[in-house]
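Asker: With the hints as constraints, model all of the structure from the sequences given.
Chains W and E are the protein sequences, given in the same order.
Sequential numbering of the first sequence, starting at 1, is according to this note's numbering.
Sequential numbering of the second sequence, starting at 1, is according to this note's numbering.
Hints may be right or wrong, so weigh each one.
Think about it this way: if two alpha-carbon atoms lie no more than 20 Å apart in a straight line, the pair counts; the simulated SDA-like pairs of lysine to any residue are [as the list claims (entries may be wrong)]:
hint, chain 1, residue 1, chain 2, residue 2
1, E, Lys153, W, Val39
2, E, Lys163, W, Pro43
3, W, Lys70, W, Leu186
4, E, Lys163, W, Lys70
Stretch-level coverage of chain W by chain E, calculated; a stretch enters the list once three of its residues show a Cβ under 8 Å from a Cβ in chain E [to be verified]:
hint, region
5, 29 to 40
6, 83 to 89
7, 103 to 117
8, 132 to 146
9, 219 to 226
Over 12 Å on every C-beta distance to chain W, these chain E residues come out as not near it, computed from the model [to be verified]:
hint, residue
10, Ser59
11, Leu96
12, Ile164
13, Asn175
14, Asn257
If you're looking for bench data, these hints aren't it; they were derived computationally from the structure.
Where is the CB? At the ideal position from N, CA and C, for every residue including glycine.
As a plain string of letters, each chain reads:
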Amino acid sequence: MIEGRLTKLLLRVWVVLVLLFLFVPIALIVLYAFNKSNVQGWPPSGLSAKWITVAWHDSQVRSALLLSLKAGLLATAVALLLGSAAAFGVHRFSFFGREAVSLLLVLPLALPGIITGIALNSAFQYVGLNLSLLTIVIGHATFCIVVVYNNVIARLRRVSGSMYEAAADLGAHGLFTFRTITAPMLSTALLSGALLAFALSFDEVIVTTFTAGAQNTLPLWIFGAIRLGQQLPEVNVVVVFVLLLTVIPVAVAARLAGSQSAARALT
Amino acid sequence: MSATVEVRKGPAKAAGPTAGISRFLWRHPWLRGLATLSPPLAWFLVIYLASLVVMLLTSFWTVNTFTNQLQHTFSTANFSQLFTGTYLDIILRTVLMAAAVTVTDAIVALPFAYFMARVATARTQRMLFTAIMLPLWASYLARVYAWIVILQKGGVLSWSFQKIGLGTVNIGYTNTAMWVVFCYIWLPFMIVPVFGAIERIPDSLLEASGDLGARNWRTLRSVLLPLALPGIVAGSIFTFSLTLGDFITPLLVGGTNSQLIGNVIYSNIGTADNLPFAATLALVPIVIMIIYLTGARAMGAFESL
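Answerer: Written as structure tokens, this is what we have:
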């Protein structure tokens with residue numbers, strides 16, 4: 001297909017419009033975080049950093065942030081262990097069910113989060129487990145595992161099997177091979193998987209709604225405040241903070257493993 | 001000379017217990033696979049799949065209206081309630097919304113993905129990919145919130161419309177607002193797989209189509225679109241499925257007439273406190289997705305995957 005001049009021009013215009021559609025809203029809320037007034041109208045009457053200080057000293061925001069950090073780190077740790085184990089198993093060992101395993105792992109992300117949320121909530125009630133940090137972590141880890149899995153298996157596919165055989169021929173046993181061959185080759189994939197898992201967990205709100213009970217993670221605090229229409233100037237600030245804590249790890253992960261692999265970890 | 005070289009099969013004979021273990025595992029690869037696969041599989045079977053089963057069971061239970069306790073006795077009352085006018089309307093609205101969002105995102109994504117894959121230079125392509133990946137991962141709540149700020153009374157949108165002289169526009173808290181926000185949130189999920197599909201189409205196929213006398217429009221319709229379809233379907237699994245279960249967007253930017261399945265599930269956990277009915281409702285998106293995927297498969301959407 002040879003695109004004429006006009007077609008190319010129209011495509012360019014389309015691309016620019018889509019980019020504006022994607023990024024103008026994000027730019028706007030970043031601007032609103034510095035809104036001086038507590039009225040949300042446009043244009044903002046002036047710029048100030050005062051709401052950042054207010055939000056930072058809000059004890060509710062602080063405890064929600066702490067809970068989100070704890071949940072994110074623990075879920076990431078679980079996802080790292082189980083996700084890379086699954087990747088090793090599926091990669092090194094071709095068996096009839098490997099497609100089924102991949103499908104099973106991606107299910108919590110491909111099915112609406114509300115299903116995972118209600119399913120876990122029913123199960124926790126059934127076994128009499130009270131909603132707590134533990135239940136939040138269980139929920140988050142379940143949908144984060146696939147992110148680490150996708151990153152690690154993509155890397156394993158690029159590592160040639162002859163490396164392991166060479167190591168074995170040179171007399172290296174399992175642990176030594178792991179330390180000198182597998183680990184260095186996987187380190188960036190693991191790190192980027194961990195960053196992506198953390199970003200996913202830190203922002204998650206739908207599953208968390210059904211697994212957190214009375215506690216607030218940061219997204220739950222934001223959701224509650226928006227619904228009540230309260231503390232909106234603080235919401236402006238906290239929302240941008242969450243935005244940064246999702247975008248920065250992802251940008252680093254994309255540097256480490258390439259933006260294609262970062263995108264494919266999810267889709 | 002060559003006779004002195006010992007050709008070893010398998011790993012060298014290193015000493016020590018770990019060497020023994022690694023030798024054993026090397027000779028029994030299925031055991032190695034099993035050892036690494038079983039913890040994650042156990043997690044998914046014991047926690048995820050078992051929870052889905054409990055949810056299915058819960059959907060047949062009821063709540064005692066006096067004590068508010070779950071009654072573990074089999075009843076199809078929830079399903080009879082589900083098939084009444086109110087809930088069927090909500091299910092229909094949700095499916096229509098999911099379909100509208102999917103179609104819109106596919107239309108928006110196609111030219112964009114085409115440009116990325118076939119027109120852009122390698123450098124521009126990398127830049128665009130990053131530009132898609134950031135909103136794909138950027139905080140969901142922040143992006144919904146941005147639209148509340150844009151669409152509200154006296155927000156950016158109505159301000160801009162007045163400045164250009166297009167009169168007042170007030171789509172905040174309506175189904176239209178919900179449609180815009182869903183399209184916005186899920187758009188990157190559509191662009192990434194569509195780009196992947198278009199990128200994989202060999203140039204020669206498009207050239208052959210031209211050599212055989214097809215104009216661009218015909219090539220687009222008969223060659224490019226069918227080959228891009230698996231990508232569109234892959235993207236639509238996300239746009240469709242994620243819309244089916246969302247309750248944040250309808251609650252935050254929808255209006256009084258914007259109840260989706262997700263909202264109703266949410267209110268049955270919160271205010272109404274009826275977990276069995278919530279579980280029944282949560283089965284609806286699963287069933288719809290199964291029908292959707294079966295239909296897509298019957299249409300041959302997965303054949304070229």
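Asker: Are the hints correct? Go through all of them and say.
Answerer: To see whether the hints hold, each was checked on the structure:
no.: 1; hint: Lys153/E with Val39/W; result: holds (12 Å)
no.: 2; hint: Lys163/E with Pro43/W; result: holds (12 Å)
no.: 3; hint: Lys70/W with Leu186/W; result: violated (25 Å)
no.: 4; hint: Lys163/E with Lys70/W; result: violated (47 Å)
no.: 5; hint: 29 to 40; result: holds (count 3)
no.: 6; hint: 83 to 89; result: holds (count 5)
no.: 7; hint: 103 to 117; result: holds (count 11)
no.: 8; hint: 132 to 146; result: holds (count 4)
no.: 9; hint: 219 to 226; result: holds (count 4)
no.: 10; hint: Ser59; result: violated (9 Å)
no.: 11; hint: Leu96; result: holds (16 Å)
no.: 12; hint: Ile164; result: holds (14 Å)
no.: 13; hint: Asn175; result: holds (19 Å)
no.: 14; hint: Asn257; result: holds (18 Å)
Comparing the model with each earlier hint shows violations of hints 3, 4, 10; every other hint is respected.
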